[in-house]
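Novice: The primary structure of each chain is shown beneath.
2 protein chains.
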Amino acid sequence: MTKINLSEHIRSIPDWPKKGILFRDITPLLGNPEAFILAIDAIIEPYKNKRIDFVAAVEARGFIFGSIAAAKLNAGFVPIRKKGKLPYKTQTVSYDLEYGTDTLEIHTDGIKKDAKVLMIDDLLATGGTMAAACRLVEKTGGIVEGIAFLIELADLNGREKIKKHNVSAVLKY
Amino acid sequence: MTKINLSEHIRSIPDWPKKGILFRDITPLLGNPEAFILAIDAIIEPYKNKRIDFVAAVEARGFIFGSIAAAKLNAGFVPIRKKGKLPYKTQTVSYDLEYGTDTLEIHTDGIKKDAKVLMIDDLLATGGTMAAACRLVEKTGGIVEGIAFLIELADLNGREKIKKHNVSAVLKY
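Protein sequence lines correspond, in order, to chains A and B.
So for the first sequence, our numbering puts the first residue at 1; every next one is plus one.
So for the second sequence, our numbering puts the first residue at 1; every next one is plus one.
Only chain A is shown next, with the shape it has when bound in the complex (with noise of 0.2 Å):
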């Protein structure tokens, strides 16, 4: 097996999705098997050896990365959509915007109440869903263990929002 380089698979996508936004496009890693294999492996390395009860994820694109490592680590799956997308009893959460408000939700069923949860997304830019969904993964009762990115922004400082949790991030830019 040769050695993968993951950044290579990062595309970047100058003005997208406004004007002198440079965005980093997964796609490509996506769709190469041994490139996102190692990338979820990454990930999740540092729970590895950890009790990881649940990983929650916020859609669509975390869902991506996030089904696969609960399956990888043992735990169970938790969704976290946008409003009026799951079905059952919600726990909701708004957070601000750069115009406007959105509203998270999760299941009230959805972490059994102490259980450890590890955050997954993609990508940490400003850190505003993320901190949202740490407070609606904690009214449900569960603990945040941590955060996992596959990349991270650093000029955005989205670490500052979460900087009460462990945040691990695999690429930084």
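It is possible that some hints are incorrect.
The list treats identical chains as interchangeable, and a pair is accepted whether it falls inside one copy or across any two copies.
Unchecked claim - Cross-link-like lysine to aspartate or glutamate pairs, in silico, EDC-like; alpha carbons within 20 Å at most:
1. K82 <-> E145
2. K116 <-> E145
3. K82 <-> D102
4. K112 <-> E34
5. K139 <-> D96
6. K72 <-> E34
7. K19 <-> D41
8. K172 <-> D102
9. K83 <-> D25
Hints listed in this document are in silico derivations from the structure and should not be mistaken for laboratory results.
Given the coordinates of chain A, assemble chain B onto it according to the supplied hints.
Specialist: Here is chain B on its own, set in the frame of chain A:
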């Protein structure tokens, strides 16, 4: 290991998302690691010894089983998204809903020509979204080897819309 009955982990929710619909909620299954792994193994069972180059799935719930299926089959994962979510050049397909239309997109370079593609989703209802997703994969040059679901709502006759393909489902209601 005790024998797991997958259907015991599917929760039925009456009148959701609207009156008269009995919604099959997979979140209890996702939250149980043994049931989750058993479900994904059952979904990909017909393709375990076949060559699959890519697994494609439609956001958001399709990503949950789709990404694990790709990893387990040593295939690349190709996300199919709603309009405007993918950052690179896309191929699009529109399809009719009960009221109005919806549009799906895939990256034009996501699937290589003549690649063998397995389509994955959690649930087959009317089949409209999956039929559109298959057309999209074919438009990019891929060959739809099969479509695998966890759940099929047989009364809705969704197989009719995708009958030219190999279709499998683990649970039928």
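Novice: Determine which of the earlier numbered hints do not hold for this structure and return their numbers in increasing order.
Specialist: 1, 7 and 8
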